[in-house]
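Using the hints provided, position chain S relative to the given structure of chain U.
Note that the protein sequences, when read in sequence, are chains U and S. Each position in the first sequence, counted from 1, maps to that position plus 1338 in my numbering. Each position in the second sequence, counted from 1, maps to that position plus 416 in my numbering.
Take these hints with a grain of salt, some might be off.
Residues on chain U that point at chain S, a partial pick, calculated with CB under 7 Å [what the hints assert, rightly or not]:
no.: 1; residue: P1345
no.: 2; residue: L1349
no.: 3; residue: S1354
no.: 4; residue: L1398
no.: 5; residue: V1404
no.: 6; residue: Q1405
no.: 7; residue: G1407
no.: 8; residue: G1475
no.: 9; residue: F1476
no.: 10; residue: P1478
no.: 11; residue: G1479
no.: 12; residue: G1572
no.: 13; residue: E1573
Quick caveat, the hints were computed from the structure, so don't treat them as lab data. Where a beta carbon is used, it is the ideal one built from N, C-alpha and C, also for glycine.
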Amino acid sequence: MSATLPPPRLLPSGDSAITVEFNRNIDEAANQRVLALDRSIVREPIAGVTETVPTYRSLLVHYDPVQIGFDALSEQLVALAQLPVPPVTTTRRWRIPVVYGGEHGIDLEDVARTLNTTPDDIVARHVAGDYRVAMIGFTPGWSYLSGLEKSLHLSRRQNPRLLTPAGTISIGGVQTGVQCLAGPSGWHLLGRTPVRTYQLHRDPTFLLEPGDAVTFAAIDAKTFADQDRAAEHGEIVAELIAA
Amino acid sequence: MTKLVISAIGPASSVQDGGRHGAQRYGLTPSGAVDRLGLAVANVLAGNPPLAAAIEIGPFGAAFTARDGAVRIALAGASRNADISGRTAAFNTSITIADGETLTLGFARVGSFSYLAIEGGITGEPTFGSLAVNARAGLGSPYPRPLQAGDELQAVAASGVTERRIDLPAVTEAPIRVVLGPQDDEFDDVQKQLFLDSEWKISATSDRMGYRLEGPVIEHLHGHNIVSDGTVNGSIQVPGNGAPIVLMPDRGTTGGYPKIATVISPDLGRFAQTPAGKVFRFKAVSMTEAQAEFKKSAEFLRSLPDRLRPIENFDLNIEALHDANVAGAAVSAVDAATWQTPSAADAQGPD
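Excised from the complex, chain U in its bound form (with noise of 0.2 Å):
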């Protein structure tokens, strides 16, 4: 076996739950290892394990202390963390429609001035780009993709909007989301997806997992009517390209 990879540090989250963190940035190789403790504790359940959330760089593991005690649990994730990581073999890749710019993309021009480029240039770039659901959290079904083209990166809003449209696709800081519901934002809103990460009555109720490839296809705004009109109806509309 090869080397043990370097340990994380082991955060206490109150009594039942321990962040087990591998970096205090926003890492590639950390997601990683992030994804693959979370997949090996789905893979051998911990008894007493009862929920674990991955995020960028470390992983929530909530625990029940009556059947594990904090130190006891730390040792089994330090040593499952350590483990080199294993090849995925297996990536679903989604390609999500969008429709970018004009009313369902309100900061699109906005965005193309601060980088000095036209709006068409932003769509190419941000369509061009190989993302990774990095985490999911926040509200149900917000997708966190890693693998923004550099030239993309640009600083939050000095002034988060308080409300901002179901299936907005936008970009903060390294970042570009995939948002399901309506809620607020911060991020500079590219445009919209007819896409349900998250919808109650249908199955699976959530698209997209930790670790799945995803791009981005544009589309006119009829396509997206109509698109969005199927969606309401329960269908995925997203298209899995691979699995």
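Just chain S now, kept in the frame of chain U:
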């Protein structure tokens, strides 16, 4: 079909249970009762599993009417004046509301949230194993939103079993215990000490997502942005303005502010019941102590059914309630427009 009709109810009232677990990895927050002990006491008195769904009633008043049969319920959590057709109804006891009678509740007097459990539980369609309302995600059953006047909850006909009570230890005024972390290293020792040594108050702008704290400004060591990571009930995050927010069951599952400490689970209910404006303090405890307290509190919850005592010589049996029903029908429901005005009875009255 027997039902409990909500004749009047204030904001921040909803169906809640032990919460919706297992989907935080998809951004779905657990929701659930803010005071699990209150929920459990009400349920156990009503003969239900401790974390079954019940009505979580916000700080204002409420009124409930039994229709098409008698409904057996139990009240726990924040105490209030409660009466059925002029008879005082006690907290931490089960009570049967006769057909047509109305249970009227005043403002919460000690604490904020009360729990009303219905014998047989609440009928609804669970999502991810829970009926708990999460209004933002459109989840919860039978209503995926806070409760409103006119809502109806299906009930089973009252069993007529002897009413019961549970005697609870007095609520302590001790500091709210926390475990430092996960990001206490984003604050220097002076700021950590300031957090632990200061008097705090809960802001009136608090809700089921988070309780905002009023007190000294807590300064960060390296700014207020961290890479988003997972949150738990009781996470104490410190945003840019330095005013800590304690995350509650409707929290976002991840957050990008440093978390200086976490309220220990056994103290979460007591913290949630601290009224806005009341001074309290935090106290740091070790992980060993926190987990020992967790076990004690889990054991206490488990022992609740053993603590049930029959109520002797009390006239709350079905026959008496049927007799009283003539008077009950004459009592009108609380006018929803008046629920924000405390009545004289709210100010004094028996517990």
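Each hint, compared with the structure:
{"no.": "1", "hint": "P1345", "in the structure": "violated (16 Å)"}
{"no.": "2", "hint": "L1349", "in the structure": "holds (4 Å)"}
{"no.": "3", "hint": "S1354", "in the structure": "holds (6 Å)"}
{"no.": "4", "hint": "L1398", "in the structure": "holds (3 Å)"}
{"no.": "5", "hint": "V1404", "in the structure": "holds (5 Å)"}
{"no.": "6", "hint": "Q1405", "in the structure": "violated (10 Å)"}
{"no.": "7", "hint": "G1407", "in the structure": "holds (6 Å)"}
{"no.": "8", "hint": "G1475", "in the structure": "holds (3 Å)"}
{"no.": "9", "hint": "F1476", "in the structure": "holds (4 Å)"}
{"no.": "10", "hint": "P1478", "in the structure": "holds (5 Å)"}
{"no.": "11", "hint": "G1479", "in the structure": "holds (6 Å)"}
{"no.": "12", "hint": "G1572", "in the structure": "violated (15 Å)"}
{"no.": "13", "hint": "E1573", "in the structure": "violated (19 Å)"}
Hint compliance for this structure: hints 1, 6, 12, 13 are broken, all remaining hints hold.
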